[in-house]
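Engineer: These are the residues of each chain, in order.
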Amino acid sequence: MRNVLAKRIIPCLDVKDGRVVKGVNFVNLRDAGDPVELAAIYDQEGADELVFLDISASVEGRATMVEVVKKTAGEITIPFTVGGGISHVDDMKRILRAGADKIGMNTAAVKNPQLISEGARKFGSQCIVVAIDARFNEAWGEWEVYTHGGRTPSGLRALDWAKEAEKLGAGEILLTSMDADGTKDGFDIRLTRAVSDLVTIPIIASGGAGTKDHFYNVFTEGKADAGLAATIFHYKEIAIPDLKQHLKSRGVEIR
Amino acid sequence: MAIAIIDYGMGNLHSVSKAVERLGYEALITADRGAILAADGVILPGVGAFGDAMASLRETGLDAVVREAAAGEQPLLGICLGMQLLFSESEEHGKHEGLGILPGTVVRFDSGKLKVPHMGWNKLSFVQQDSPIFTGLEEGHVYFVHSYHVKPERQGDLLATTDYGEDVTGVVGRGNVYGMQFHPEKSGELGMSLLRNFLLLTEAKN
Chain Z
1 MRNVLAKRII PCLDVKDGRV VKGVNFVNLR DAGDPVELAA IYDQEGADEL VFLDISASVE
61 GRATMVEVVK KTAGEITIPF TVGGGISHVD DMKRILRAGA DKIGMNTAAV KNPQLISEGA
121 RKFGSQCIVV AIDARFNEAW GEWEVYTHGG RTPSGLRALD WAKEAEKLGA GEILLTSMDA
181 DGTKDGFDIR LTRAVSDLVT IPIIASGGAG TKDHFYNVFT EGKADAGLAA TIFHYKEIAI
241 PDLKQHLKSR GVEIR
Chain P
1 MAIAIIDYGM GNLHSVSKAV ERLGYEALIT ADRGAILAAD GVILPGVGAF GDAMASLRET
61 GLDAVVREAA AGEQPLLGIC LGMQLLFSES EEHGKHEGLG ILPGTVVRFD SGKLKVPHMG
121 WNKLSFVQQD SPIFTGLEEG HVYFVHSYHV KPERQGDLLA TTDYGEDVTG VVGRGNVYGM
181 QFHPEKSGEL GMSLLRNFLL LTEAKN
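Chain order of the listed sequences is Z and P.
Here the first sequence stands for residues 1 to 255, where the numbers follow full-length UniProt numbering.
Here the second sequence stands for residues 1 to 206, where the numbers follow full-length UniProt numbering.
It cannot be assumed that every hint is accurate.
[Claimed, not checked] In silico lysine-lysine, DSSO-like type, Cα no more than 30 Å apart, as pairs:
(1) P:Lys115 - Z:Lys163
(2) Z:Lys122 - Z:Lys184
(3) Z:Lys122 - P:Lys113
(4) Z:Lys93 - P:Lys115
(5) P:Lys18 - Z:Lys16
(6) Z:Lys223 - P:Lys123
(7) Z:Lys70 - P:Lys123
(8) Z:Lys167 - P:Lys18
(9) P:Lys113 - Z:Lys167
(10) Z:Lys223 - P:Lys115
(11) P:Lys18 - Z:Lys163
(12) Z:Lys212 - P:Lys151
(13) P:Lys115 - Z:Lys212
(14) P:Lys95 - Z:Lys248
(15) Z:Lys223 - P:Lys113
Derived by calculation from the structure, the hints in this document are not laboratory data.
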């Protein structure tokens, strides 16, 4: 299928108890831990979308996240996804009502796939992002889905799960290669391409971005619709305006 | 200077309201006829199904209020489903009558050719560059999320299109009535500029 939409660049923010954690190094931030301020800066820099990953473990932390979503919705002019800790339709409703555009689900969707169909029916497929953490399983010769933040092998084949998620009504797949994550050696092109060729819903590739050309490769060879990264943006190793300029100059459709 | 954002139980009004406030205008989320007609400008937002939205507008009597506002002087802007509702009818899950403020129909994308919903950043092409809604602006990308699109009956009502396998209506306008299929409040700088241009029209009328 032809795709005329612009490829998206998506910074991901890990948020715990309402604070950004993991490597934020913006010199011009008043408060480096404030997710709302950071989100606004990414918006101004030309990010096409944002992902918040709530890694709070407590009920209080989750409640704080709703407040962050509310504030963020009032500050930014691009769509954003909130993932982490969503295990019920009521959780989705709370986050969407607070102003998020999409909901990301990972472990909860593996445990209870009906959550995908229920969410899609209630809020529309465009709101439902299924996050898949995949690692190559040598014995299988293909990728396995991991849950619980990458700690637990699920026994599910990533390609099967991606297809199933699409069938259940997922609007998008956020695909993280655990093999590539943190290496800065580039996105996992094989994995991304395999999933992109299999499903018709958009794929957000994640894990391994280290250079501007890594994004180029994942958009062209990997056929990804969006590229997500965290530390390289947070540490300004790659500035979003430069990245977008670079991709544009190489002929990629970019906003 | 208040902008009425019509609350008829469909979709998230928070983002639209905040965007209006950020541009320096007072935003009033309301279902009250008096408040809507007294406002300097009116925004009809909307996310969801066409039939449900029309049913909700009828139940609350807001359908007549929107028509009244459109017939008046104050600028009116329909966003996403809110724009589709301005037209005569939709074929989303059967035939549904719309507000009939602008002539035209809402049809489904030709499935098979491209992914539906049309979701993401797509480039807007100005058909009527001299429309006040585009003053000072250049063509660029805006954020769309929709499975149905508008076929206006009058070519003159079409202000901008986007290419999604075919020409898709992006912006419409006639007199004081405007519509945007994409979400200006989610469309970065260009989206905010389009919204600002609409809000400037509300000042010109006073």
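Engineer: Check each numbered hint against the structure and report the violated ones by number, ascending.
Structural biologist: 2, 8, 11, 12 and 14
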